[in-house]
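Student: Heads up: the sequence lines are chains A and B, in that order.
Under our numbering, the residue at position 173 of the first sequence is numbered 173, and the numbers go up by one with no gaps.
Under our numbering, the residue at position 305 of the second sequence is numbered 1305, and the numbers go up by one with no gaps.
Hints in this document: simulated from the structure, not taken from any laboratory.
Careful, some of the hints might be misleading.
As the list claims (entries may be wrong) - Okay, the calculated bits of chain A under chain B, using three or more residues with CB under 8 Å as the criterion:
| hint | stretch |
| --- | --- |
| 1 | 19-31 |
| 2 | 54-65 |
| 3 | 239-247 |
| 4 | 272-278 |
As the list claims (entries may be wrong) - To give a feel for the contact side, a few chain A residues facing chain B, derived at Cβ under 8 Å:
| hint | residue |
| --- | --- |
| 5 | K201 |
| 6 | A222 |
| 7 | E268 |
We put the beta carbon where it would ideally sit given N, CA and C, even for glycine.
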Amino acid sequence: MAALLEVENLKTYFKVDHGLVKAVDGVSYYINEREIVGLVGESGCGKSVSQLSVMQLIPTPPGRIEAGKIHFEGRDLLQYEAKGPEMRSIRGAKISMVFQEPMTSLNPVLTIGRQLTESLELHLGMEPIKARERAAELLSLVAIPDGANRLDDYPHQFSGGMRQRVMIAMALSCNPRIIIADEPTTALDVTTQAQLLELMKDMVSRFNASLVIVTHNLGVVARYAQRLYVMYAGRIVESGTSKELFGNPRHPYTIALLKCVPRLDEEEGTKLVPIVGMPPNLVNMPGTCAFRPRCPYQVERCHNDPWPELRLIDGQHYVSCYVET
Amino acid sequence: MAPNQNGNIVSVNEMKMYFPVTRGLLRRKVADVKAVDGVSFYIKKGETLGLVGESGSGKTTVGRCIMRLYRPTAGRIVFDGKDISKLPESQVRPVRSRMALIFQDPYGSLDPRQSAGSIVGEPLKIFNMAANKQAYKERVEELFRIVGLDPSMMDRVPHEFSGGQRQRIGVARALASKASLIICDEPVSALDVSIQAQIINLLEELQDRIGGLTYLFIAHDLAVVRHISDRIAVMYLGRIVEVTDRKNLYDNPLHPYTRALLSAIPVADPFLEEKRERVILQGEVPSPLSPPSGCNFHPRCPMAIPECKETVPPLLDKGGGHQVACIRV
Ligand SMILES: Nc1ncnc2c1ncn2[C@@H]1O[C@H](COP(=O)(O)OP(=O)(O)OP(=O)(O)O)[C@@H](O)[C@H]1O
Ligand SMILES: Nc1ncnc2c1ncn2[C@@H]1O[C@H](COP(=O)(O)OP(=O)(O)OP(=O)(O)O)[C@@H](O)[C@H]1O
Ligand SMILES: [Mg+2]
Ligand SMILES: [Mg+2]
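Please model the entire structure based on the sequences and the hints provided.
Tutor: Okay, structure coming up:
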């Protein structure tokens, strides 16, 4: 069975004063139908840029998608103009996005109702009255009490958690095939985060959609994702099912990440092991493995050979490392 | 000063902190924000008490009351055997020299024009703790080394340091006055995970090294709090709902809010996650301006009965120091 979305060797670079930022440098991944996939990695590793590239929302200049293919419904999305009609019919409709900060993605001067009906009218060609009915339905679907009466409210009249619910309603409004949730809950309280993640999980299963959860929180992907990709410095360094990855982490970066975050259920006396050094700044990177300077497993070869390709080690488990950890 | 007989460095009794909400030109009081609404707890010398709770539950306010940056509306705060809750401002300073505060935001909490050295040394000047210039310089250098910073970086200003280094400056400053109690208010929340681990390890090492060093560790990340704390107090809307040791918190949480909070936090282990109980709370945290009656958690509580609306449940010991404020357990 072909994947619903397949990204092949994506490269997105930014030109800055002091050089070239290779924010995404040869990333390949796929999402199956009705699958929940996680994308994890520390701040600045290229998670958002890779997802914004799929949507062709990269600010150009300074950014540019340099290479790659994005297969979706039998087409390569990168053949289309970012502002052209094809991308406009896909973006926000067939593939929609929920961002970290709802206040910046909701328009503060438009009512919640207007923001919901706009895309229903634009993408689905609904009559205004029908669109308003549907908007009220969507609000109750995401558990906003008394949705019909809140359509004329403005974003600032909603709490942070409720604004994120509105964003989820908007993302669902055109029956998308894929929802990309980029750190959808990091700014919120834990119990609100849990509410929203459960809601998203229920909604994608109800709408037969797939979900990409972008996060730095390993717990969130362990709970919700069936498969995941670990990113470091613009590349995917390890991928597999959640159980393969957490049960048998193999890339030194994944191993290090798991050892430096405290676990809720840890034993008394557990010591955290910080990762030495700092993540690279992605400007003028050497062609060798970018994790090498911080890696406790490094061998001679890591200094000289190019960044290793992903190799299959078992089942669906891939790792990009020369060393048998 | 010697700790009092029971070995507590701080004990807080029925403390309240209300902030008046005023309106109009005459600033007439129209309501109170009940930020802290009757909390009692103690911290033993040399231990770490964790304080968790969601945004707005009153954690920072508790810390600021203990530092006497606020004068509590009611209740007692006994620090080193002496009630400091009503001390006039003029007598607060010597008490404050034995406490220190580390903030969440290593960017915002340091004066951007001051050199790192003078930030760290400032408490020595305020509290007259250095005999002369030479002693001052030596002590500042020592503090830099204690927190793992190179003393040759003393003349740099905060923006020349990384986030983790800035937080180290904050820790060095907190140690300068030889404080016996450090209130750590979300000290690692703004940091990347590997730097977070460095700072947590540093705080733990310092406690091993400096006898009697006590922490009140405030954070909303329960996994981080559980890692560093000996005991943990859980706050909800201005009140403490449960206090227990780190083991019981995970193995045997009793209050329905604590249970919900725990189950809301995913563990990086898909095998475990498959089996874990999931309590998803309905609704949102109410405003401390008009908190619900009785037990203020009752509107969201899966175990609530009519009586919960009527009475504020007292914090009762269920054995071995495990305290819970709930009439249903
Ligand atoms: N407009 C831009 N101009 C220049 N560089 C950029 C731009 N946008 C992103 N970058 C760089 O691309 C890299 C990847 O950024 P990205 O936002 O994808 O990180 P991320 O993994 O989503 O991080 P976070 O977890 O902090 O959201 C970073 O080094 C960032 O500085
Ligand atoms: N100086 C003040 N004046 C008025 N209200 C205040 C003041 N300080 C805090 N509050 C209110 O008291 C309540 C508790 O605030 P506090 O900052 O103690 O919460 P917190 O638990 O530290 O939250 P967070 O996790 O967001 O830091 C909040 O509703 C807050 O708005
Ligand atoms: Mg991002
Ligand atoms: Mg606070």
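Student: Look at each hint and say if it fits the structure.
Tutor: Now for the hints, and whether the structure bears them out:
Counting residues of the stretch 19-31 of chain A whose CB lies closer than 8 Å to any CB of chain B gives 0, so the stated coverage by that chain is violated, three being the minimum. With a cut-off of 8 Å between beta carbons, the stretch 54-65 of chain A has 0 residues touching chain B; three or more are needed, and the interface restraint is violated. Beta-carbon proximity to chain B at under 8 Å applies to 4 residues in the stretch 239-247 of chain A; the threshold of 3 is reached and the given coverage holds. Counting residues of the stretch 272-278 of chain A whose beta carbon lies closer than 8 Å to any beta carbon of chain B gives 5, which reaches the threshold of three, so the coverage claim holds.
This hint is violated: A:K201 has a C-beta 11 Å from the nearest C-beta of chain B, more than the 8 Å allowed. Because the closest C-beta pair between A:A222 and chain B is about 5 Å apart, less than 8 Å, the hint holds. Proximity of A:E268 to chain B holds as hinted, the smallest CB-CB distance being about 7 Å (cut-off 8 Å).
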